[in-house]
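> Read off the chains here:
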Amino acid sequence: MTALSGSPRDPSGTLGGPEAPAIPCTEECLLRPGNTNCGGCGMGVGLTMLGRALAEAGETCTLAIPACCGIVTAGAFPTTSYGVPTVATTFASAAAFASGIASIRDLNEETGQVICWAGDGGTYDIGIATLSAAAERDENIIYFCYDNEIYGNTGGQRSSATPPGARTTTTPLGKTEEKKDILAIMAAHRIPYAATLSIAHPEDFARKIHTALSISGMRFLLMHSPCPTGWKSEPSESVELVRQAVSSGLFLLYEVWGGRTYRMNLEPAWTDPAEYYRRQRRFGDDEIDLAATRRICRERFERLKVLAEEFPYEETRAEK
Amino acid sequence: MPLKLVTGNHAAGYALSAAAEANRGARGAACGIYPITPQTEIVEYVAKFPFTKTRVVPVESEHSAMAVSMGASLAGARAFTASSSNGIAYMVENIMVAGYYRLPIVMVAVNRTLGPPWNIWADQGDTLMLRDFPWLQFYCEDNQEVLDTTLLAFRLAEDRRILLPALVAMDAFILSHTQTGTSLPDQADVDRYVPELDLPHRMRHESPTTLGGLVWPDVAMSLRLEIDEAMERVDEVLGECRKAFIEQLGRDPGAAVQTFATEDAEQVLVVSGSIATTAREVVRRRREEGERLGLIKIKMFRPFPESAVREACRGAAKVAVLDRNYAAGIGGIFCQELRALFQGDRDGLVIQGYLTGLCGGDVTPAMIEDVIADLGGRVEAGKPVWMGMADGKGGNR
Numbered sequence: 001m002t003a004l005s006g007s008p009r010d011p012s013g014t015l016g017g018p019e020a021p022a023i024p025c026t027e028e029c030l031l032r033p034g035n036t037n038c039g040g041c042g043m044g045v046g047l048t049m050l051g052r053a054l055a056e057a058g059e060t061c062t063l064a065i066p067a068c069c070g071i072v073t074a075g076a077f078p079t080t081s082y083g084v085p086t087v088a089t090t091f092a093s094a095a096a097f098a099s100g101i102a103s104i105r106d107l108n109e110e111t112g113q114v115i116c117w118a119g120d121g122g123t124y125d126i127g128i129a130t131l132s133a134a135a136e137r138d139e140n141i142i143y144f145c146y147d148n149e150i151y152g153n154t155g156g157q158r159s160s161a162t163p164p165g166a167r168t169t170t171t172p173l174g175k176t177e178e179k180k181d182i183l184a185i186m187a188a189h190r191i192p193y194a195a196t197l198s199i200a201h202p203e204d205f206a207r208k209i210h211t212a213l214s215i216s217g218m219r220f221l222l223m224h225s226p227c228p229t230g231w232k233s234e235p236s237e238s239v240e241l242v243r244q245a246v247s248s249g250l251f252l253l254y255e256v257w258g259g260r261t262y263r264m265n266l267e268p269a270w271t272d273p274a275e276y277y278r279r280q281r282r283f284g285d286d287e288i289d290l291a292a293t294r295r296i297c298r299e300r301f302e303r304l305k306v307l308a309e310e311f312p313y314e315e316t317r318a319e320k
Numbered sequence: 001m002p003l004k005l006v007t008g009n010h011a012a013g014y015a016l017s018a019a020a021e022a023n024r025g026a027r028g029a030a031c032g033i034y035p036i037t038p039q040t041e042i043v044e045y046v047a048k049f050p051f052t053k054t055r056v057v058p059v060e061s062e063h064s065a066m067a068v069s070m071g072a073s074l075a076g077a078r079a080f081t082a083s084s085s086n087g088i089a090y091m092v093e094n095i096m097v098a099g100y101y102r103l104p105i106v107m108v109a110v111n112r113t114l115g116p117p118w119n120i121w122a123d124q125g126d127t128l129m130l131r132d133f134p135w136l137q138f139y140c141e142d143n144q145e146v147l148d149t150t151l152l153a154f155r156l157a158e159d160r161r162i163l164l165p166a167l168v169a170m171d172a173f174i175l176s177h178t179q180t181g182t183s184l185p186d187q188a189d190v191d192r193y194v195p196e197l198d199l200p201h202r203m204r205h206e207s208p209t210t211l212g213g214l215v216w217p218d219v220a221m222s223l224r225l226e227i228d229e230a231m232e233r234v235d236e237v238l239g240e241c242r243k244a245f246i247e248q249l250g251r252d253p254g255a256a257v258q259t260f261a262t263e264d265a266e267q268v269l270v271v272s273g274s275i276a277t278t279a280r281e282v283v284r285r286r287r288e289e290g291e292r293l294g295l296i297k298i299k300m301f302r303p304f305p306e307s308a309v310r311e312a313c314r315g316a317a318k319v320a321v322l323d324r325n326y327a328a329g330i331g332g333i334f335c336q337e338l339r340a341l342f343q344g345d346r347d348g349l350v351i352q353g354y355l356t357g358l359c360g361g362d363v364t365p366a367m368i369e370d371v372i373a374d375l376g377g378r379v380e381a382g383k384p385v386w387m388g389m390a391d392g393k394g395g396n397r
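Keeping their order, the protein sequence lines are chains F and G.
The opening residue of the first sequence carries number 1 in my numbering; numbering runs sequentially from there.
The opening residue of the second sequence carries number 1 in my numbering; numbering runs sequentially from there.
One chain only, chain G, in its complex shape (with noise of 0.2 angstroms):
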């Protein structure tokens, strides 16, 4: 299929729109649009849409965004929605609720520093914020992995094994901004790959029930037991919407982690986003001068995929994370995840964090060189190492 030059948020908005126009044979789709800077494109591109059952709402606010759709989604039609940093924020409490509510809701998050101060650039911040809620979170690192993780967020979300809302995220301007040679799937394809919708729970006149009316403790508990089953599902139906991807439109949608060189690496770099480009061309280099670095890419952050990180560090001695997100107090996301994993596991690995571009600061080859300097000279993991800072401020503490 001829490659198409397009940004990341037209890949989103085409995937977003074919997926919604593959349930017109059911019962359509609708989303709540609202915009925010870098993400406006999207939902632009969704509004000309000339859908044959959809209706996109543009409504006052974000909050009321998520609420549409899922008004929409329990009424039986495929939802979804866009935002970005602030506007995520203020979303957040019916982001939470279409979590509860087992909507399998697509939203595309394009990460932009949350403020103040007002920095419209690459940062995590504002989507790893919700990662306590019941929603399946996909860090992407190309335009290409942006349309396809979109179309297979839907097919996973509405699995009937899984019914929870997913996620998709790229990197503000550096992917949302920057036209890459993407392959756009015909309607045709995305009509076979993407089925048509029928939600299990919902509301129905002939058959009326309450939803999310009081539940005692017990049940309520066995509700986010039920949760907890459908992320243990999850690796499962992941393999089975990827393998379908690849066999049906002829590309691998992506891993929910994917590895380079790590099978005799000793020092390992742990990666989202856009950032793995860059830290692969330089891993790559460093192993052609013989060294035994390897790279891990994780795509997948809810849930966490932990026996597949757990095998490709296996024969590592030191871990760096670099996290483009910063959680006050404690440091990267990505790295605090990393160490929870191999706490009473391999409490000897050494796993450092490292905070690079944040706030949409380059994360150059230079800056992973660097982290792999760093790296090598450590015999035991500190406090997060910032990176990149203006007048020579951060570094090792």
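If we strip away everything but chain F, and leave its shape as in the complex, we get (with noise of 0.2 angstroms):
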């Protein structure tokens, strides 16, 4: 119910307002500056190119997101960071609210993507019931997930997207259990895309902002994405340690086409990821078992791999 008009409260006990002017959908117009995130943080660079390739593509969207850095970034009343229509939905309902917005524009025949901008919290945990509904019923929404490992927000408490070994305040001598594979379970449902981001390769992640943009139904990206506060990290080092955790097979880059052909997108360099590590205080000296690590990682890649080759995604012709 904020900035519904200049006044907080009008007098003539209605909810109208003057229309503010339009705003044309820019690069700028998505995140604007003045934004309330922390140095380094991964969010504000991902929004922006999701702005960037939503302007290349000459698309507008309106904003769904849950409880999250997301939300906090807008700043408080009567400014907004979002230059695009944007609600704060209940921690647990983006995927329902924005599944609510998409099928009113598509009654109308109208424009417009409808994106819900999550946080792992809101993603792999407490809304993971209404993502996977809306998956299935193949909602016509685009869902993004920035995933930085943690409960950012609340001052960084595990959530099930934080990888082993990384200590939280809720995990104080470091998490001893797996990360989620929130992509898998999402490719499972068989939705038309699903797709890894990062945003050390800004030209992988524009091409599938791109791909998103092109196809309807349900759509998942999943972005890793820094997070110097709740990391430990030297913002200034955020977009490396992302581009180590691909170059070490940490996060792997690849799509998925209706759950049934695969694409990677990179093979990793297999660079040790030992220094991924210990640029982060999460992280304790010497308490990840690196050979396991790279083990485990190297499974995954292969498993992907194996599915890639056997089920390739076939480019049709209007992709190209």
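Calculated from the structure, these hints are not laboratory results.
Where a beta carbon is used, it is the ideal one built from N, C-alpha and C, also for glycine.
Be aware that a few hints might be false.
What the hints assert, rightly or not - If you want a taste of the chain F side facing chain G, the calculated C-beta under 8 angstroms gives, among others:
#: 1; residue: A74
#: 2; residue: G75
#: 3; residue: A76
#: 4; residue: F77
#: 5; residue: T80
#: 6; residue: Y82
#: 7; residue: T89
#: 8; residue: A96
#: 9; residue: S99
#: 10; residue: I128
#: 11; residue: T130
#: 12; residue: N265
#: 13; residue: P268
#: 14; residue: T271
#: 15; residue: P273
Two chains, each in its own frame: build the complex with the hints.
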């Protein structure tokens, strides 16, 4: 109920107000300067890249954002960092709010993407039933998860996206469980498109956004999102960190169509992950079994590679 | 208009569908639906309705049902849903948000006992736990009132002076699954009565806003005050909606507070929902025997119709409040409202609470006679009286 009009209380007793001038969708229109993101936040970079891709495609969007840093970054009323219609949904409900918004857009034959912009808590944990149901219904939305592997907004607690070994305020000795494989879960819904993205690979990132924009139905995008505050890393090293996650095979770049056909986007260089761990104080010194980690990463890659070779995605003419 | 034999659920499904269909010339309608006994037939009715411009979204939970309806409403469409009991409990977070987002969503609720223990029968505890949320609440006595109030609720909720969601409740099985003669208005009549929705704060690409972000205390407080001001306007707007209903559909959809023989009554029974029919009959009989008894049926619980209730009790010395609900540690909820209303105003008024028909128990004429007898013997009010208990438990304490 914020930002309805210039004055918080309309003396006429109605909620109408003069309409603000239209803001054309430009590169800066999605996330505007002055937002409250921490320095080095991956989400800010991701939103900027998403905004740029939308502008290139001549598209606009509506954002449905559950409880997460993504809604905090809007700032306080009467200002907002978002240049597109945005609603704060309840924590578990982003995909359901978006389903309602997209339903009315489609009933009225209107354009504009409906995009959920959610953290890992709202995606892997509290929102997963809602997300799963929206995927099963093949809702015509884009669900974008910026995964910083932590409940960042509340000061850094574990989520089911937190990797093993990471210290959080609720895993003070380091998390002992595996990270949930959300992309496999989403692909298992046989949704039209699911892909992983890294802000260290902007061309691949942009291409995947354009692919998602060219498809209708449920599209799920997972971005590895550095969080200097939660990862206890240097803000200036954010992009370098997620680059190392890709090059060491910790975060694999791939796409899945309909849960059936696969494409690997990059074979990791298999760099030593030690550097990735060393630069983040959320991991204790020498606490990570690097040999085991490398083996697990290899296995994951080999498994996906087999799928991509056996069930390759074949580009249609339109997509090229 | 000829009457048709339909259940309360059928009446509700008919009204929700017709109101949704009536917005086909505007931005259409949508709802999230999820089954729960004894409400399921309502969403089944909606799911098979041949809509022109409505999407029915079968979701995975009540929480998401309200979220889908909120998304649709934010996009400017007419939105609604239906639920009951633990389904409402599960939906609570989003019910609250719909109110604070000022979305005129209409929800039909079939009042069912909250579990545990598992019990599917009538009890108002499920919707009364929503009493502090910014929702209008109506408790209906019969199937016609369910249908008429549902249609009226859309017009009232969507009025720009109100813009609050509305809840229309009926008793489980007693209404939801019982067929009675009911007049079902034509679609053309509904089209005329429920105007197309133009939600002033819907999300628009040409004037983007951020809804629900951080708001500092002074402004956030003023948003709460706006809700209070909208609640203050309900009496007036409801009056207009009722008048238009009578003019256009030729039938009175019922006032917020409905009285029977209260003009000179010394003792008054206060009831809600289907208990009103039984209680009115008992009061009518006793009036014929010369007793100065009256009956007040409270249909609108939120906003609480203070002046109408005060006026209806003007001549009374004693009031019996029959509650089919129980707030743990204090008693019946309608009784608490009455006591709060008269505190410092008429401190001598005896307001005694009776817990009648909790968890689906029958409220019989004999039980109402017992209430009247108990009230007659009182000089002051006491703890709530548990009526109809097995093994003689409860009673006066």
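> Give a verdict on every hint.
Verification of the hints:
About 4 angstroms separates the beta-carbon of F/A74 from the nearest beta-carbon of chain G, less than 8 angstroms, and the hint is met. For F/G75, the interface hint holds, the least distance from its beta-carbon to any beta-carbon of chain G being 7 angstroms, beneath 8 angstroms. Annotation: interface hint on F/A76 holds; nearest CB of chain G at approximately 4 angstroms, less than 8 angstroms. The closest approach between the C-beta of F/F77 and any C-beta of chain G is roughly 4 angstroms, which is under the 8 angstroms cut-off, so the hint is satisfied.
Interface hint status for F/T80: upheld, as the beta-carbon distance to the closest one in chain G is roughly 4 angstroms, under 8 angstroms. For F/Y82, the interface hint holds, since its Cβ comes within 8 angstroms of a Cβ in chain G; the closest pair sits about 5 angstroms apart. With a cut of 8 angstroms, the hint placing F/T89 at the interface with chain G holds, because the nearest CB-to-CB distance is about 7 angstroms. Hint status for F/A96 relative to chain G: holds, with the closest Cβ pair at about 3 angstroms, below 8 angstroms.
This hint holds: F/S99 has a C-beta 5 angstroms from the nearest C-beta of chain G, less than the 8 angstroms allowed. At its closest, the beta carbon of F/I128 sits 11 angstroms from a beta carbon of chain G; the interface hint therefore is violated under the 8 angstroms criterion. A least Cβ separation of about 5 angstroms between F/T130 and chain G falls short of the 8 angstroms threshold, and the interface hint therefore holds. Hint on F/N265 is violated. Least Cβ distance to chain G is approximately 32 angstroms, over the 8 angstroms limit.
Using the Cβ-Cβ criterion of 8 angstroms, the hint placing F/P268 at the interface with chain G is not satisfied: the shortest such distance is roughly 37 angstroms. A hinted interface residue such as F/T271 counts as satisfied when its beta carbon comes closer than 8 angstroms to some beta carbon of chain G; here the least separation is about 40 angstroms, so the hint is violated. Restraint check, F/P273 versus chain G: the minimum CB separation of about 38 angstroms is more than 8 angstroms; hint violated.
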